[in-house]
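Novice: Sequence:
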Amino acid sequence: MGLKCGGSDGFSGITANPLVGVFSDFLIAQGGTTILTEVPEMFGAETRLMERAENATVFEKTVGLINGFKDYYNQHHLPIYENPSPGNKDGGISTLEDKSLGCTQKGGTATVVDVLAYAEPLKKNGLNLLSAPGNDLVAASALGFSGCQLVLFTTGRGTPFGSFIPTMKISTNSALFNKKRNWIDFNAGQLLEDKTMDDLLEEFIQYLIAVASGEKLRHEESGFKEIAIFKTGVTL
70 MGLKCGGSDG FSGITANPLV GVFSDFLIAQ GGTTILTEVP EMFGAETRLM ERAENATVFE
130 KTVGLINGFK DYYNQHHLPI YENPSPGNKD GGISTLEDKS LGCTQKGGTA TVVDVLAYAE
190 PLKKNGLNLL SAPGNDLVAA SALGFSGCQL VLFTTGRGTP FGSFIPTMKI STNSALFNKK
250 RNWIDFNAGQ LLEDKTMDDL LEEFIQYLIA VASGEKLRHE ESGFKEIAIF KTGVTL
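When you read off a place in the sequence shown, starting at 1, and then add 69, the result is the number in the working numbering.
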C-alpha cells in the first residue's frame, strides 16, 4: 500500500497520519509492504527515516534520495524550503518541520528496508521509500507504477482527486468528513472525539478489507481516475 498526504492541516500529525503509521506497522508485521513517498515533504524530518535504515546501504540510499531532490530544486533555481503552502498555513501548520514530521509519521516505526527510484518496482517486503515529488497526482501515480494496489491518502483540507489505482481519502477532522462526504472515505478525526487509536485501527482495518474485497471508494464512484507522469525540462 502507498502512503501519501495532501492538503495537510494542524491535525494531520495528530490523527490521520499516526493512524496510517500504526496501520503500516500492523501490515508489515503480517508480512505486507508499504511505500512512503513525496520526498520534499520529508525535508526537515529526514533523519527520523535515516536512523531506521536496515543497513549502511539503505542509509546511503536514503541520504541520496533527500539530497537528490534538493539538487533537483537547485538545478531549476527553485527555493527548497518554499513550504508549507498557504492552505497548510490556513489549516494550522506553521513550519516545514511541522509538515515533515507529520508526513513521516505515515511510515510508522518500521525499519526502512529499501529506497526506490521513480517508478522502480518493489523488491522487498516492509517499509520502502520512493523517489517522487509532493504533487498529489504525480506521487499517487508513482506509487502505482512501483506496484501499490491501494493508496492511503490523508488530508485535512480535502481533495476530490483519484489516481488510476484506488485512492482512499482519510480526513484528519470530522468537519471535513461531514462537509465532503462525496470526497472522503474514512474519518480519522474521531480520534479527537470518542475513539481510541486501538478501536479506530480495528475499524480502519475492517474498512480496508471491505475495499480490498471490492467496495468502491468515493473517487471511484465519481469516476475520478487520473494519471500523471513526473517530468522535467521543456515540453512542447
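Hints are computed from structural coordinates only; laboratory data are not their basis. Every residue, glycine too, gets a C-beta built ideally from N, C-alpha and C. Worth double-checking, as some hints may not be accurate.
What the hints assert, rightly or not - Here are the simulated lysine-lysine pairs, PhoX-like style, with alpha carbons at most 20 angstroms apart:
no., residue 1, residue 2
1, K294, K139
2, K192, K130
3, K249, K285
4, K130, K193
5, K300, K249
Stated by the list, open to error - Quick list of the computed label-pair ranges, beta carbon to beta carbon:
no., residue 1, residue 2, range
6, D94, K294, 23 to 31 angstroms
7, K285, G100, 37 to 45 angstroms
8, K285, G101, 29 to 37 angstroms
9, K192, G292, 19 to 27 angstroms
10, K192, D263, 39 to 47 angstroms
11, A279, G100, 15 to 23 angstroms
12, G292, K139, 20 to 28 angstroms
13, H145, G283, 28 to 36 angstroms
14, I296, Y141, 18 to 26 angstroms
15, E129, Q275, 38 to 46 angstroms
16, E284, T126, 33 to 41 angstroms
Novice: Taking the numbered hints from earlier one at a time, note which ones the structure violates and give those numbers from smallest to largest.
Specialist: 1, 5, 7, 8, 9, 12 and 13
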